[in-house]
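Peer 1: The hints should help you fit chain B onto chain A, whose structure is shown.
There are 2 protein chains.
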Amino acid sequence: MFNQLGLIGCGLMGGSFALAMKRAGLVKRVVGYSKSPSTTEKARRLGVIDLAAESALLAVSGSDIVLIAVPVAASEATFKAIRHLVEPGVLLMDVGSTKRDVVDAARRVLKERVEYFVPAHPITGKEVAGVEHADALLYSGRQVILTPLPQTDPKLLQKAIDVWSAIGCQVLKMTPENHDAAFAAVSHLPHLLAFAFFSSVYKQPAGKDFLSLAGPGFRDFTRIAASDPAVWRDILLANREEVLKQSMRFRHTLDAMEHVIRSGNAEALEDLIRSAAEGRANWQMATPKPASSR
Amino acid sequence: MFNQLGLIGCGLMGGSFALAMKRAGLVKRVVGYSKSPSTTEKARRLGVIDLAAESALLAVSGSDIVLIAVPVAASEATFKAIRHLVEPGVLLMDVGSTKRDVVDAARRVLKERVEYFVPAHPITGKEVAGVEHADALLYSGRQVILTPLPQTDPKLLQKAIDVWSAIGCQVLKMTPENHDAAFAAVSHLPHLLAFAFFSSVYKQPAGKDFLSLAGPGFRDFTRIAASDPAVWRDILLANREEVLKQSMRFRHTLDAMEHVIRSGNAEALEDLIRSAAEGRANWQMATPKPASSR
Numbered sequence: 001m002f003n004q005l006g007l008i009g010c011g012l013m014g015g016s017f018a019l020a021m022k023r024a025g026l027v028k029r030v031v032g033y034s035k036s037p038s039t040t041e042k043a044r045r046l047g048v049i050d051l052a053a054e055s056a057l058l059a060v061s062g063s064d065i066v067l068i069a070v071p072v073a074a075s076e077a078t079f080k081a082i083r084h085l086v087e088p089g090v091l092l093m094d095v096g097s098t099k100r101d102v103v104d105a106a107r108r109v110l111k112e113r114v115e116y117f118v119p120a121h122p123i124t125g126k127e128v129a130g131v132e133h134a135d136a137l138l139y140s141g142r143q144v145i146l147t148p149l150p151q152t153d154p155k156l157l158q159k160a161i162d163v164w165s166a167i168g169c170q171v172l173k174m175t176p177e178n179h180d181a182a183f184a185a186v187s188h189l190p191h192l193l194a195f196a197f198f199s200s201v202y203k204q205p206a207g208k209d210f211l212s213l214a215g216p217g218f219r220d221f222t223r224i225a226a227s228d229p230a231v232w233r234d235i236l237l238a239n240r241e242e243v244l245k246q247s248m249r250f251r252h253t254l255d256a257m258e259h260v261i262r263s264g265n266a267e268a269l270e271d272l273i274r275s276a277a278e279g280r281a282n283w284q285m286a287t288p289k290p291a292s293s294r
Numbered sequence: 001m002f003n004q005l006g007l008i009g010c011g012l013m014g015g016s017f018a019l020a021m022k023r024a025g026l027v028k029r030v031v032g033y034s035k036s037p038s039t040t041e042k043a044r045r046l047g048v049i050d051l052a053a054e055s056a057l058l059a060v061s062g063s064d065i066v067l068i069a070v071p072v073a074a075s076e077a078t079f080k081a082i083r084h085l086v087e088p089g090v091l092l093m094d095v096g097s098t099k100r101d102v103v104d105a106a107r108r109v110l111k112e113r114v115e116y117f118v119p120a121h122p123i124t125g126k127e128v129a130g131v132e133h134a135d136a137l138l139y140s141g142r143q144v145i146l147t148p149l150p151q152t153d154p155k156l157l158q159k160a161i162d163v164w165s166a167i168g169c170q171v172l173k174m175t176p177e178n179h180d181a182a183f184a185a186v187s188h189l190p191h192l193l194a195f196a197f198f199s200s201v202y203k204q205p206a207g208k209d210f211l212s213l214a215g216p217g218f219r220d221f222t223r224i225a226a227s228d229p230a231v232w233r234d235i236l237l238a239n240r241e242e243v244l245k246q247s248m249r250f251r252h253t254l255d256a257m258e259h260v261i262r263s264g265n266a267e268a269l270e271d272l273i274r275s276a277a278e279g280r281a282n283w284q285m286a287t288p289k290p291a292s293s294r
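For the protein sequence lines, the chains are A and B, in the order given. Sequential numbering of the first sequence, starting at 1, is according to the UniProt record's numbering. Sequential numbering of the second sequence, starting at 1, is according to the UniProt record's numbering.
This is chain A alone, in the form it adopts within the complex (with noise of 0.2 Å):
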């Protein structure tokens, strides 16, 4: 049980984690900051949070346990300007979806006080984003991966563990290295190919017609294609190196389908076509149990 939440971001995530927390009866009061003053003002309207705080700092002060929920490319920034009251005993968490630039950033300016920070990535989002679309039970159900440094302190690595299992996550630890690697497989790269095919569609001569046309597998196919602009911007920026290091792999596969279409070998193709669709239809999404007997 925590006496308060300091909020740096009352977006989706932030907010959602906020929401889930009070659920589980997990902590007193939140306290929250954002960037914009009208968001924050909107968190406190729907109850999301309890008290708006005027900067990251003041949502830091008094707090036992910290989310810091802003696009990744902001992490510095947020640790620079919170670093001060970062004390022992504080947990302080992350949300962001890369994790080796959040690590770098907050070793430079966390120094010895990185030891508090434990870096969170819960698998879970809407396509829609802020923090009226935010969710008590958007966690719930679903993975998240820690990764701890070397000098993360035991107990507030136990702590984050609870915390997130508390309110319905499956808990995974893995390096920052790791984490990235595989994102960029299964989140980054699909991300970034909804957005390109989207726009690709959408932007020939004839595309609004074509669109009026799509139906349900379009649909899901592209429902990532809505996700947040900067949270994304910043994520593929973040971790580009591994994304591109997907993306040449699928241009390489995408290249020898493309060759059994173009020589018209259907049996090749059948054979392509078929290796995936069973590897899909065995493939189930690890879900642990919700939390919502709480």
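Calculated from the structure, these hints are not laboratory results. Check the hints yourself; a few may be wrong.
[Stated by the list, open to error] Below, a list of computed lysine to aspartate or glutamate pairs in the DMTMM-like style, where the Cα atoms sit at most 20 Å apart:
(1) A/LYS203 to B/ASP153
(2) A/LYS173 to B/GLU258
(3) B/LYS203 to A/GLU258
(4) A/LYS35 to B/GLU267
(5) A/LYS203 to B/GLU278
(6) B/LYS173 to A/ASP209
(7) B/LYS111 to B/ASP135
(8) A/LYS126 to A/GLU115
(9) B/LYS126 to A/GLU270
(10) B/LYS203 to A/ASP209
(11) B/LYS245 to A/GLU258
In this text the structure is predicted, and so the values were computed from the model without any measurement.
Peer 2: Chain B only, in chain A's frame:
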């Protein structure tokens, strides 16, 4: 109201059409044929068809409405097998996802009897194949594209419109050429990309580990990668010119996005993402009123 539906191809699409017609009270009896006798037998056991025919021709015999629901490359052979019983008054339709190739095959094989053929493409599907997934509501609330020929009998065209409307579809008409160009963009290319993307993740050394971390965005983006291999082999080959044209456009857009990622141009990247994200957020799938009140 029809006396007998002759169903050639008792899979997901054909089986669902039979169930939908029965549900709407549009047909007294369904006689079905599939290439595999065990499929035909399963369809009979499940009540999707009333009588199993031993050949496509026998399924057409005595039927006043005939639906061909086979992978598109099998259309020509099917037309050949049934042409002697395609007689005045019989409404002959297909459900193929490509239309130029099917219409060409119909012209070649049926000759002057092509006037009884109303080419149809309902915009629906599931990522699972087989009659066991047939669903009376698969077509409800969806669009269906008809691509009639100049010589199509207007009375049969009207009957076709009435049948699809009665099972809950919104009926659109266009030329086979416009149809194939549009669906290369909004359906065939996304399937190709989903197959290629899933394969490229799946087949890399750490692929299995990566897949265990994938979340809801990945799940939706790759749903269509589980589609029926024989069906999609035929579609991608039949419409290869348009599909490869669309793939080229997509690659150009992807190139442009990778270029700004590589050069670290955050502003340009955000602009590209924002244009896609806003376009997608404003897009809505056309959803005619479902036939659930019937």
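Peer 1: Kindly indicate which numbered hints from before are broken by the structure, ordering the numbers from low to high.
Peer 2: 1, 2, 7, 8 and 10
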